[in-house]
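Chain by chain, the residues run as shown.
Protein chains: 4
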Amino acid sequence: MVNVGVLGATGMVGQRFIQLLDKHPDFEITALAASSRSAGKKYEDATTWYLDDAMPESVKDIVVSETDPSLISNDVDILFSSLPTENAAVVEPKFAEKFIVASNASAMRMEKDVPLVIPEVNHEFLDIIEIQQKNRGWDGFIVTNPNCSTIALTLTLKPIYDNYDINRVYVSTMQAVSGAGYNGVPSMAIVDNLVPFIGGEEEKMESETLHLLGILDGLEVKPAQFGLTASCHRVAVLDGHTESVFIELDQNVDIDDIKNDIANFKSLPQELDLYSAPKSPVIVKEEDNRPQPRMDRNADGGMAVTVGRLRKDPVFDNSFKYVLVGHNTIRGAAGASILNAELINRTIL
Amino acid sequence: MVNVGVLGATGMVGQRFIQLLDKHPDFEITALAASSRSAGKKYEDATTWYLDDAMPESVKDIVVSETDPSLISNDVDILFSSLPTENAAVVEPKFAEKFIVASNASAMRMEKDVPLVIPEVNHEFLDIIEIQQKNRGWDGFIVTNPNCSTIALTLTLKPIYDNYDINRVYVSTMQAVSGAGYNGVPSMAIVDNLVPFIGGEEEKMESETLHLLGILDGLEVKPAQFGLTASCHRVAVLDGHTESVFIELDQNVDIDDIKNDIANFKSLPQELDLYSAPKSPVIVKEEDNRPQPRMDRNADGGMAVTVGRLRKDPVFDNSFKYVLVGHNTIRGAAGASILNAELINRTIL
Amino acid sequence: MVNVGVLGATGMVGQRFIQLLDKHPDFEITALAASSRSAGKKYEDATTWYLDDAMPESVKDIVVSETDPSLISNDVDILFSSLPTENAAVVEPKFAEKFIVASNASAMRMEKDVPLVIPEVNHEFLDIIEIQQKNRGWDGFIVTNPNCSTIALTLTLKPIYDNYDINRVYVSTMQAVSGAGYNGVPSMAIVDNLVPFIGGEEEKMESETLHLLGILDGLEVKPAQFGLTASCHRVAVLDGHTESVFIELDQNVDIDDIKNDIANFKSLPQELDLYSAPKSPVIVKEEDNRPQPRMDRNADGGMAVTVGRLRKDPVFDNSFKYVLVGHNTIRGAAGASILNAELINRTIL
Amino acid sequence: MVNVGVLGATGMVGQRFIQLLDKHPDFEITALAASSRSAGKKYEDATTWYLDDAMPESVKDIVVSETDPSLISNDVDILFSSLPTENAAVVEPKFAEKFIVASNASAMRMEKDVPLVIPEVNHEFLDIIEIQQKNRGWDGFIVTNPNCSTIALTLTLKPIYDNYDINRVYVSTMQAVSGAGYNGVPSMAIVDNLVPFIGGEEEKMESETLHLLGILDGLEVKPAQFGLTASCHRVAVLDGHTESVFIELDQNVDIDDIKNDIANFKSLPQELDLYSAPKSPVIVKEEDNRPQPRMDRNADGGMAVTVGRLRKDPVFDNSFKYVLVGHNTIRGAAGASILNAELINRTIL
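Protein chains in written order, with UniProt numbering: chain Y, 1 to 349; chain F, 1 to 349; chain W, 1 to 349; chain P, 1 to 349.
Hints were generated in silico from the structure; no laboratory data involved. Remember, it's a predicted structure, so these values are computed and weren't measured experimentally. Please note that the accuracy of each hint is not assured.
Straight-line distance between alpha carbons at most 25 Å, and here's what the computed PhoX-like set of lysine-lysine pairs gives [claimed, not checked]:
| no. | chain 1 | residue 1 | chain 2 | residue 2 |
| --- | --- | --- | --- | --- |
| 1 | Y | 60 | W | 279 |
| 2 | F | 312 | F | 285 |
| 3 | Y | 23 | W | 279 |
| 4 | W | 23 | Y | 23 |
| 5 | W | 60 | Y | 259 |
From just these sequences and the hints, can you work out the full model?
Below, the structure written as structure tokens:
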């Protein structure tokens, strides 16, 4: 068993880490860190538990520590981070001096020597770790996963990008309130309403997606070269981001071929049969009215993205449209970091 | 006063007609028709009233008749129709033999001799009425308004189309449940959820919008020539459709010019100061997080569409994006038919 | 394995039956019946599946039959019924001529020779079956479970009633929309709203609860003798009924004793370790803000009721108050019938 | 015109004050105070406006001051306070040295020399002001209104209490999220859920109601002597508290008499025809499924409470039940303080 810890353990994504790591065959939680308000208390007492499933017994008695590397035992190997961005920017590098940090924070994602990875999409970017350690003189390292809405979108784009030349992507999102944290969206803001703005989200989708589909040239990432524009909106859904996607290729579209490419897509995590890897990263639904967040967010434990309404565009040549749903705090956050760690554990450690 | 009636008077849109016509300076409701289940009863007894404002006193005692032209008094001039499509296809032509029918139904919209009109966009299409009456030998006629999501979109496109060459439009909608009628969307389908499908809606948006922005060539409509593709979704909002719009022009975009073009847009209904005409058909909001359906759907009595997040596309040349909100059962349905009737009353009768 | 079937198999509660019976150690679904619209189709094709978990593979290919005993194979032993009341009144007696019918319908509940049973509360009422078979000359029989809101309430009252003299109970419910069936509550009726009326619900709670807590005198039920009055309301919750309960005893209240009585309550299903029996029928929560339907409805697979805010009444003598949450379509419907069948299977068959 | 100001002007209830005072015939807003974060800014810039109706033009340019009496012009007569309780306890007495404070805060409500008033219920309690000024040596004074759920309940109890001997009241509430302030209830807490706890609410209802229905003995309040117990719950409704009420009288119940007593109830504000007074303080609905918060909260501008499902208790003697809806931030907060001020303005100033 690899000993692991969670930074930001009391928050929304922190709780998902704990839920997903419970009964994990390779990872065992032995450390939990949070703000000074929680430090010194048993996790059970420090935390208002938000998830529908009850808090795992195994973490209840762990005493929460401050978010300080010197307070984490040396027998911990991997720290999962769901720290707020500003905090992560300062703290994660300190932890990386001796620990592996698998981070869901956006702070370090676009640093040149920090791999931004979705295991099914660009596992080869893990090679960058080598430079990171050399550059920074660290014994540990940081690996990051993308933004929640980016992960779901990129998983569906990957099998298309592998088989066709993409010209343009237009994406309009309908995102769940959990993406803003437990207190992020007041009920007064969202009941009988939606909010057409999520700070920084469009920029992240527009840059991270191309980065993830890029190639390693030496140890530098050359982003993919098509255009992708996003409009992001918050809707009255608890969990599960929905995205409406329009794609133009450089060539004729055979919708059945594309459907097969997406449905049959598998990658390294599936080959290695990693514990958190979904059987298929993307599930294709034929029903007219799917995917729906409440019905499809938990597909394959919340780790599979569901695509539906895959249809030829009746208006634009070489174009098609679809709708996707992905669980934003599982596949789009905690589960993403854990899958990164499982891949590292199997291929690097 | 012009005597008017409402067909489909007990339904969702029928109730909006009644609400909006109450205290109207030029129109007085003297006839109400509905299905045989309601016929013979006083409107108050025949109707489960759905709107937040109470049922107007003036209609409570009107006895509902069957939907049959022979049962409507000859002193009625205009009939507003919110009949279901299949029903409208059969019944509206019979009424048009002697009455003016201002219809919100989709049945007759794309008939060559039936004008599909938004008064601010293509009032000149009313000229088609002449052929309709000649062709069909009717004393009355049918005028239609577009689909709810089309009206809101087209009102925002019109000032752009008048000033620039549009290449492409991508639109993704987040539509209110009232658009499906009172019983249309079960709560089990939409609480903590959304549904990425509305039957026929995308097709209507894709065809009706270009038709409305087209020109009359003789008395035939030549649709506008750009491409417009839509993806339509139902969200947990009671009233007010939200649409996320991406536009590519044939030329450079100066976002302030476009903002001014939209904000300053006025047309014939504003010049004629029609009773139901909003001061500005489209209101432009500067706040990051607007428009929102609950906050903006009632702008100018629900007859103005609100645009926000108008921004240059950071990715595509000659491109920009925005979000709009319009009230689907006021501007997008009953109010649209009434504004058509007001225009006809002022310019034709 | 006992072969079982489901009547009303395509509906909301029918689907819960199928979900809960999947992987059941003793029962295997071999027959599914529904309306003539579904008959002759494979279950997968006949059904719009509503539950978040996917349809079990094992039922997908079962061909749905009409709801007619002659079409059900003789090797089926138990039929679970989620038929609409009027339908159940006619059809269930026909099935009971040769099958065991474990019914969630209200039609036969108050018949003198039909046991209305919650296994933890009044399993001894199963003795009534004997008369039923004699009276009616049936080889099979009907056993019923109470209304959803009654089951949850009665499970919490039982350990109190066993230990104290109850004088009065006032209960005000906040019930989930699933209780009305998938199409029962339109979203227009419940978003940003609640509906203070559920037809027949208050009467069922007021009569069924006392019946369940009654005693068998010979083979006749003498209902419990205290007063219970209910007010029932529908709220914007998908699953899980919440009830606010005020109780007056005939004696002094020691709130800790009552808490212990409730928390320690176990009964025959727990002793027999029936497959669907929760470890404790009622879970007591200490947190101020629990139980909550979304957090507590799935306690012990949805078969345990959760009580919280158990507090001495500061105003009335000998009085206390609490709030309960129970899953209305699991513990309150399909799970209730299944637990009845498990008890019968173990003790009678 | 009387010059008035609002303390806590940027909050939820502060905004309601501003909305309701706009176009008031007797009161004109000339001062707005809020926290130091807002002070010095124009109201328009200091405030995130939450209400569906747009911010009134008349207040946009008023510069917000700190909450300090020395910063409020002497030509202001009345200050409406929606300060948080702890803050109100410190600050309101300072303002009362020279201003009239009409407060919605709970801080001073139960002080012996501070009148807690609903104009339709106990306007005579305003006589207490005299002692307050004498006791405290103030030129101004404080008058308070009760808690939102108490006001609605007490308005319905008053006509009953005036005509019958009440023995017991049991009330279970379903309260709107706006009662907790804009950020009070996260969407994660209430979508597909409810929360069965509102801190301090039950205690307020249990004490304030009896106080309001009490009598002045000399200048001391003798509370009403019946028992009232409450259980309070938060539901997914934006505005409008719903309360389920069970009442036992000391005598036989004729439900039509009670209905008439409630429906015909009028009091001093109606006689004086005060600007904010509803025509009838309580409206009685006959429909089975009313009152509903979204349909009834705005009755008579949000100042009337709506009662429905008034029915004889089928179980308990001398007992009946009903459901009420009242607008929590209009009749239950800002409108309550304004009606108090209107009464004072007409009868005392």
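Cross-check of the supplied hints:
no., hint, in the structure
1, Y:60 / W:279, "holds (21 Å)"
2, F:312 / F:285, "holds (15 Å)"
3, Y:23 / W:279, "holds (22 Å)"
4, W:23 / Y:23, "holds (22 Å)"
5, W:60 / Y:259, "holds (24 Å)"
No hint from the list above goes unmet by this structure.
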